[in-house]
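Chains as they are written, first to last, in our numbering: chain A, 20 to 472; chain B, 61 to 423.
Hints in this document: simulated from the structure, not taken from any laboratory. The structure presented is a predicted model; accordingly, all values stated were derived computationally and were not measured. Hints are not guaranteed to be accurate.
Mimicking DSSO-like on lysine-lysine, the simulated pairs with C-alpha atoms at most 27 Å apart in a straight line are [stated by the list, open to error]: (1) A:Lys116 with B:Lys223; (2) A:Lys116 with A:Lys185; (3) B:Lys226 with A:Lys116.
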Amino acid sequence: MLSAPALLGVEFDYTLRNVVMGSAALGAVGGAIGSFATLRRQSLLGDAVAHAALPGIGLAFLLTGTKATGGLLLGALLTGWLGTLAVLAITRGSRVKEDAALGIVLSVFFGVGALLLAYIRQSGEAAQSGLDRFLFGQAAGLVAEDVRLIAVVGGGALLAVALLFKEFKLLAFDPDFAATLGFPVTPLTVALTSLIVVAVIVGLQTVGVVLMVTVLVAPSIAARQWTNRLGPLVILAGFLGALAGATGSLLSSTVDRLPTGPTVVLIATAIVGVSVVVAPGRGLLWESVARRRRDRRTRIGSVLADLATLSPAPVSGGALPVTIATLASHRGVTPRELRRPLSELKRRGAVRLEGDGAVALTSAGEAQAAAAAHRERLWRSALARQMDLPGDRVHLSTDDIERVLAPEVLVALEGDQTTGRTLGTGDESRATGLNPDGIGMTVSGLPAGGADR
Amino acid sequence: MSFAAVIILTGALTAASCSLVGCFLVLRRMALVGDAISHSVLLGIVAVFALTGARSGPLLVVGAAAVGLLTVVLIEAVRRTGRVREDAAIGLVFPALFSIGVILVSRFPNSVHIDVQHLLYGEIAFSPLYRVELWGADLGYRSLWMLGGMTAANLAFVVAFYKELKLATFDPALAAAVGLSPVVVHYALMAMVSATTVVAFDSVGSILVVAMLVVPPATAYLLTNRLATMLTLSVLVGTASAVGGYLIARLLDSSTSGAMAAMAGVLFATALLLSPSQGLIARRRELARLRRGLAERLLLTHLDGGHGAGDRTTLRERFGWSARTEATVVRSALARGHVRAEGSGRLVLTEAGRGAAGEIGVG
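This is chain A alone, in the form it adopts within the complex:
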């Protein structure tokens, strides 16, 4: 972290050090604790809490006249807490769903905050000018005292997470199991939610109420890309949060008219973007490479299987040639699509290209083709047995799914697609669980049949 200012050619003076250290600490606390919020699908609770903190700041100022950060944040903590309670009361006590409850708390509390701040401004309190800094954050205003406050409160919150790590882990992954083991689930939930509130409040100074949600959500999503284990995830999220906080506040303090909160948000978002694309294993880039490789393998396998079907070996000598056009129409693809798999097979010496657009298995290829055809048959019967489909209907390519499944099943599936509900597909397990246990089978490796066309 300390090399960043040097890179930017900025003198690393005392004020700047406060700013960078304070923002890094905020980012670390937000990122680490936010990991639990994201895992518990409470990402947007942080958003509501942050907005709900605004009236607390106004109230603290009105009631005590304090301008001290500690006092203001105490007010923020109070109303932030009230906000979470209100969300809970609304969702538990009525049929209003969580999304609306969050929207209500967020906007109404923020409205009350706006009312109070405007009132303070109107009543001619010159001293209030400092309050607006909580909207979008103002890292440049951090002083040594603030940094100490952040360090103590944030450090305490992190310590609590470390001490209760096992409990929180269980709570995040399987609260029902935690209850059966006799863990005090409700007090633990209260403790975790309180820590989330604390993390939000601590971050208000640099990032502000409006954009605080990113500091909670982004680092843990980025970290999730790099590790499958909760411990490293929390630590990495803390580190990435610190990185975003420090660079963002540094940029905003050194470049004119660059508000801190938005800058931190954009840097954190960029970190997520990079992680989602390039992280080894879970990165989209590697996934697409792997998918392409798998598709190629599948296509080669199905060409081999088709060759075995279409050119039964004569009693002696090599297999009879088949035209590429026949091969293509058998599989329901264009001849162009067969060009690459065929040239790959030729390279392996499994087929030889005859003149006039025909292709024949070599003697080495015959064995491979027979094996591929066998595997494909196995797949069909597996599908027929596992999915209880009539055997004569499963040798279809996947794009013919409407001929396999009943119309009403398809309608339900389509509905699920558009409403975003999924039937426990691989996608879902990747998004939800660390360590997906591989229950779902990879159907994309399925050889596409099409013998009945």
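Use these hints to put chain B onto chain A, whose structure you have.
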């Protein structure tokens, strides 16, 4: 028209246009998508301004609404990567877009009159200052034209596609089965929400739009089970919040949009407590009534079964009742004439009580 009337009418139209589409957001559990859109249209507004210099008018509405739609598409795209859940996807996308908007606003030369206060709280108090001129003729207040037009458009949308919206909201699978594309309905609704948000932005700012989109519909949701009634009620609640908010703000000499949101919150809290069917108080009463009914039936079957019947202390032990519960239950059963007390204080089933116990079907 007085300034106050213009402001109140602007607020009322904002509330009405937002509530109409907001009802569907609440019912479809997409309130936070509305939140996301309302933030990201800022970027659209700034971008349209930067490109064309337009600060109002149809171009701004269409351009900024397009960014609103882009938000929905982006959230869906992020979710579809399979790496991020929907709540987190929302939490990632809109702050990023909003941040770009805020940074653009703060880096623009001063000629842009959008400042941070404005984009958060709106400037409804200034609505009487802007008028529409066409070919030199003064046509009246700009805010009333814009919001009136948007309210009319939303009303037309809801009325024209009422059946489609209803079906796609309550039974997406059936809607798909009868050939109604849920995707088309979804994006049409999102387009209306985006356009509404842009138009309302001037009056209430980016965050308090959410108050108008979500709070009145949620309030109405607590008061009725019928969609048409919910739509009507939410418009009424929204309008009441606007008028009440204006009065509060006037009294305190404070932010009008903030007061409108606060007022909407007060109305919601009232409904949450007092709604005849859904309210916390009604629910608690209903629960108590059910409990009492159950206790009475326990008493009747107990007496009917002749399990050492009638001794009031054994009742407490057997059912774990407190003295107060026992007293209430016995008093109620006496009042109904299901039991009578014998001289020794023992309880005996009456004929009516025996019949009632028989109906329970356990005795």
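Okay, the hints, checked on the actual structure:
For the given pair, Lys116 (chain A) sits about 23 Å from Lys223 (chain B) by alpha-carbon distance, which is consistent with the 27 Å threshold. For the given pair, Lys116 (chain A) sits about 30 Å from Lys185 (chain A) by alpha-carbon distance, which is inconsistent with the 27 Å threshold. Distance hint between Lys226 (chain B) and Lys116 (chain A) is fulfilled; the C-alpha atoms sit about 18 Å from each other, no more than 27 Å.
Violation of the numbered hints given earlier is confined to hint 2; every other hint is satisfied by the structure.
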